[in-house]
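Asker: Below are the chains, spelled out letter by letter.
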Amino acid sequence: MSTPTIEKSEPSPKDDAKTSRLWGRPAFFQSYEQELALFNTWPKRAGVALVVLVAFFMPFSLPDATLRSLALAFVLAIAALGLNLVTGLCGQVSLGHAFFMGIGAYTAAALSGDSDPEARTIGFGLQEIWIWLPAAGLVAALFGVIVAPIATRLRGLYLAIVTLGLVFLGEHVFREWQRLTGGAGVGRSAADPVLFGYDLRSPAPDGAFTSDQQMYFLMLVLLLVFALAARNIARSKVGRSFAAVRDRDMAAEMMGIDLPRTKTLAFALSSFYAGCAGALLFTITDYVEPGSFNLLLSVQIIAMVLIGGAGTVGGTIAGAIFIGMLPTLVRDIAPSIRFEVWGRVLEFSELPSEVPNIFQVEQILYGLLIVLFLLFEPRGLFGIWVRTRTYWKSWPFSY
Amino acid sequence: MTQFLEALVRGLGIGSVYALLALGFVIIYKATRVISFAQPAFMLTGAVVTSYLTPALGVVLFTGFSFFLSVAGAALVTAVLALVIERVAVRPMVGKAVFVVAIITLGIDIAVRVVVTGYIGIGSRPIGFPWGIDTVELLGLSVQIRHLVMMGTVVVVGLALLVFFQRTPFGLAMRAAAFDQEAAMTQGISVGAVFATSWALAGALAAIAGSLLATGAGVDRQLWIIALIALPAIILGGLDSLQGAVVGGLAVGVVEQLVGTYQRDYLPWLGDNVASVAPYALMLLVLLVRPYGLFGTPEVRRV
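Line by line, the protein sequences give chains A and B. Count the first sequence with the working numbering and you get residues 1 to 399, in order. Count the second sequence with the working numbering and you get residues 400 to 702, in order.
Worth flagging that the hints you see were computed from the coordinates, not collected in a lab. Check the hints yourself; a few may be wrong.
Using C-beta positions, here's what the derived DEER-type ranges look like [unchecked claim]:
{"#": "1", "chain 1": "A", "residue 1": "Arg235", "chain 2": "B", "residue 2": "Gly494", "range": "42 to 48 Å"}
{"#": "2", "chain 1": "A", "residue 1": "Phe39", "chain 2": "B", "residue 2": "Phe569", "range": "56 to 62 Å"}
{"#": "3", "chain 1": "A", "residue 1": "Asp286", "chain 2": "B", "residue 2": "Phe569", "range": "58 to 64 Å"}
{"#": "4", "chain 1": "B", "residue 1": "Pro454", "chain 2": "A", "residue 2": "Thr210", "range": "51 to 57 Å"}
{"#": "5", "chain 1": "B", "residue 1": "Leu561", "chain 2": "A", "residue 2": "Leu138", "range": "35 to 41 Å"}
{"#": "6", "chain 1": "B", "residue 1": "Gly494", "chain 2": "A", "residue 2": "Ser115", "range": "46 to 52 Å"}
{"#": "7", "chain 1": "A", "residue 1": "Leu296", "chain 2": "B", "residue 2": "Arg490", "range": "25 to 31 Å"}
{"#": "8", "chain 1": "B", "residue 1": "Gly494", "chain 2": "A", "residue 2": "Leu296", "range": "28 to 34 Å"}
Listing some non-contacts, in silico: residues in chain A with all C-beta distances to chain B over 10 Å [claimed, not checked]:
{"#": "9", "residue": "Gly47"}
{"#": "10", "residue": "Phe196"}
{"#": "11", "residue": "Pro205"}
{"#": "12", "residue": "Met250"}
{"#": "13", "residue": "Met325"}
Model, not experiment: these values are computed from the prediction. Glycine residues also receive a C-beta, built at the ideal position from the N, C-alpha and C atoms.
Hey, can you work out the whole structure from these sequences and the hints?
Answerer: Okay, here's the thing in structure tokens:
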């Protein structure tokens, strides 16, 4: 009697599997490490490098107004990356992102504000960006951890409503705490972007860069750092446990994932991103109004994640830039649009007091874009990209 | 004591409106398992339609006749709008993740609300409520007539809904579909019709609530936010309980008015307008103790 023996396959040298790849088959992975790599295919590496290169050279060819919108879009992208961690990756619907952004914004503004005790608003005079930016993120993350015990007990839409409540409570506190925020309708100045004694908001002394170009570079670099961190979180053990919780929380629990701990971590990380983004959001205009952190801001961020493609870093950034540039686009295009409806000429006015105006068009577009994307392309811009890519990869076999 | 009782009556009045809104949320939730964030838009639509219909009607059989007729008309118009939206944007998403559908309703809400806001104009639009903020003496308390009208409306609407759900075949069908959709379908119940009816009912309820809320200061651009105060109400009552919605709505109204009356004397450091956010604070407190609200069914988790 011969017992069946299990042929133990010779383990291939690990470093060999990691490095070598079949020529001409960029998506063919020979090892798990290969698939989990930061940029797991060479077209991805080349594409990202190209995009980053173009982004760095853009300030030299674009007008300052466009650069300002782009810098704002980059900051919104950081916020969206945070929401993507908790909603796209971990599957916990949060409508409270604006609340955490507000906390970050006021932490940073208070830290970098005028330290004169006679001043209208509190300040500590710590203007260095590397002090107030992490601090803003950490304070926001702390609030995320404080909220988490309520949030981790709730599932699905209960959570959405509770986080919605947070936005309203936050708005109230921001309105009323005048020593910190300056009060409703008055506001205060935002954090100062000072890097090692050099104020990025004032133009370079030798006139090499305008302030908008400097702010653009600052936001671009920060976005790259945060995006890289987000991608690394997503492919690490933590990120994969987030995805497991999203796909089926009970199965994840069975596999030994500590649900409350994972969800708390997701909230803390996402709040950290939100806090940093909130701190940066108003440095460009140097003015924070307590009413800015409202439900619409939360919805805007959600729209970015969903339109970009939930759960993906590239998609989220694309969505954020798309939504962030939407006001600029509408403002450029809308005045040239004229309809004739039932003999009446319909034009979009640029004054908010007239109807219909471009601000209404912009808001309706937010609403409709969310609805249309979810109806027809639930994977968002990322989904469109994947379909296009697949079409060309498999051409001429279109299936 | 008089101050307390008057605040209580005011709270019950406003709370009745929250109850109407909460009923809308719960009816949609029970039928489709989705929270419709489009309710604020429906509420605003109802109020605006009423404000246009009331002066246009101008028939006076008794005081307020044209107002009540316009409210009914606005409820009808809004119900039709809700039906269309349900058919176009929500029905195709049946079977998809609930939060995706919830976000869709959020998008619809923004789009509809912006369009409707365009018809309000600058400032607030009078709604044609004949008594305005007049008060009557009742058992030694001065009570606003509009609060009495609100309470009356919630009683009438509540009874009508009770009869509809308990005594009519279609009401039974809706309860069956809420209980178990597949089993209901095998019994020949059109679940699509149940979805549509739930949206129409919720739209009509929101329209009535919006018109009643605007009786005081008229329709303004901020009116829609009040619809979201019904969210703490449904969380308090539990998402899937009609009785809970009414109790939650009344409780939220009373708490809000009591906080508004007493907070300035006892907790002045909280600032102004705490009353408007008190419901959310109450909701967080209740959820800490009971994650499924006071009347909600705890979710059974099975492998």
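Asker: State for each hint whether it applies.
Answerer: We went through each hint and held it up to the structure:
The hint said 42 to 48 Å for the Cβ distance between Arg235 of chain A and Gly494 of chain B, and at roughly 31 Å that hint is violated. Between Phe39 of chain A and Phe569 of chain B the C-beta distance comes to about 57 Å, which sits within the given range of 56 to 62 Å. In this structure the supplied range 58 to 64 Å holds for Asp286 of chain A paired with Phe569 of chain B, their Cβ-Cβ distance being about 60 Å. Range check, Pro454 of chain B to Thr210 of chain A: about 56 Å between beta-carbon atoms, so the 51 to 57 Å window is met.
Restraint check, Leu561 of chain B to Leu138 of chain A: a C-beta distance of roughly 53 Å breaks the suggested window 35 to 41 Å. In this structure the supplied range 46 to 52 Å is violated for Gly494 of chain B paired with Ser115 of chain A, their Cβ-Cβ distance being about 58 Å. Taking 25 to 31 Å as the suggested C-beta distance range, the pair Leu296 of chain A and Arg490 of chain B conforms, at roughly 27 Å. Range check, Gly494 of chain B to Leu296 of chain A: about 30 Å between beta-carbon atoms, so the 28 to 34 Å window is met.
Every CB of chain B is more than 10 Å from the CB of Gly47 of chain A (nearest about 29 Å), matching its label as outside the interface. Residue placement check: Phe196 of chain A keeps its beta carbon more than 10 Å from all beta carbons of chain B (closest about 39 Å). Non-interface call for Pro205 of chain A relative to chain B: holds, since the shortest CB-CB distance, roughly 44 Å, exceeds 10 Å. The beta carbon of Met250 of chain A is not kept farther than 10 Å from every beta carbon of chain B, the shortest such distance being approximately 6 Å.
Against the 10 Å criterion, Met325 of chain A stays outside the reach of chain B, whose nearest CB is about 19 Å from its own CB.
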